[in-house]
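Using the hints, position chain B against chain A.
Residue numbers (my numbering), protein chains in the order written: chain A, 1 to 112; chain B, 1001 to 1205.
Quick caveat, the hints were computed from the structure, so don't treat them as lab data.
Every clue listed holds true.
Here are the simulated lysine-lysine pairs, DSSO-like style, with alpha carbons at most 27 angstroms apart: (1) A/Lys-79 <-> A/Lys-17; (2) A/Lys-17 <-> A/Lys-4; (3) A/Lys-79 <-> B/Lys-1024; (4) B/Lys-1024 <-> A/Lys-12; (5) A/Lys-12 <-> A/Lys-79.
Non-contacting residues of chain A with respect to chain B, defined by C-beta distances greater than 12 angstroms in every case (computed): (6) Leu-3; (7) Glu-5; (8) Arg-110.
In this text, all values refer to a predicted model and were calculated from it rather than measured experimentally.
No residue lacks a Cβ here, since even glycine has one placed at the ideal position from N, Cα and C.
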Amino acid sequence: MSLKERLLLDAKNQEEKEERRFYTLGLVLSIVLTVASFGSVMTGLVPHSWAFPVLAILALAQIIVHLRIFLHIDLTRQKREDLQLLLFTVLLLGIMAFGTLWILADLQARMM
Amino acid sequence: MSEENVHPGMNLGYHGGEHEAEVKVFGFWAFLMSDLVTFGIVFAVFGTMVTATAGGPGPEEVTNLHSVAIQTALLLGSSFGFSWASLSMKYHPGQRWRTLGWLAVAATSALCFLIVELIDFHHWTTIGAVPQRSGYLSALWALVGLHGLHVAGGLLWMAAMTGQILVFGLTDDIKSRVTRMGLYWHFLDVVWVGIFSMVFLAGVA
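Isolated chain A, as found in the complex (with noise of 0.2 angstroms):
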């Protein structure tokens, strides 16, 4: 083996190692978010009114961290493009689902 075909293998080996550690962070940082909201639920310790936000919270957080790490969404020129496409989506879901929410509970409340 040539000195250039071993540094490109120790390269390849090297990069391989990285994404192995970085897919690794993912999981570690997914079960730490998950254990943290099923805590917050069965241990009590979360006041009842502050349960939801927390909850929220926590759930976008490890959207965000599957969405970076499984999902390889970032700001790199080459992935831009899903971003903006998954961005538009969030804009339109948020019209949607919030529009729906917010006019039913109206109703709901103009009813009682």
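Chain B alone, transformed into the frame defined by chain A:
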């Protein structure tokens, strides 16, 4: 050859097919995002129905947090197993058994997820928590069932990919397909994060 490409399995062994593969991944993202809209709307319907129990079983009765925790762990394990399959495919394309082994781990874990979920569904029917009982239960079955069907579909897809790898080996086409399957699989885990947080945990908090 571009070194920038970050989808596992796509930046090795390609000779000119990269652009086409990128376009396919982007197209697949468009499908995933339309699927996200579907899930989001069903989530919104669930949100409007969350108090509509009509005197029937409510969140306290249908939520078994131990079962939900096991399902969460199994699905995360499956997602992670798939990541390892993708990395094996990217760095050791010559050893197809490595990739197939991790695919088998991911599939087994997902199958166990479905079994635990079906046990929960069975329990719901025995306590009278059937979809036609109330608006809340209709929305619950629609949302959790829709996700379960996606996982079942993913299992079929994984079986198909296993067959293709066995027959054709890890060719560029197959790698590109497995990459897209990986996006689908991780996406389902993201949806599950929403379900266990907003449907089950928030339901009993």
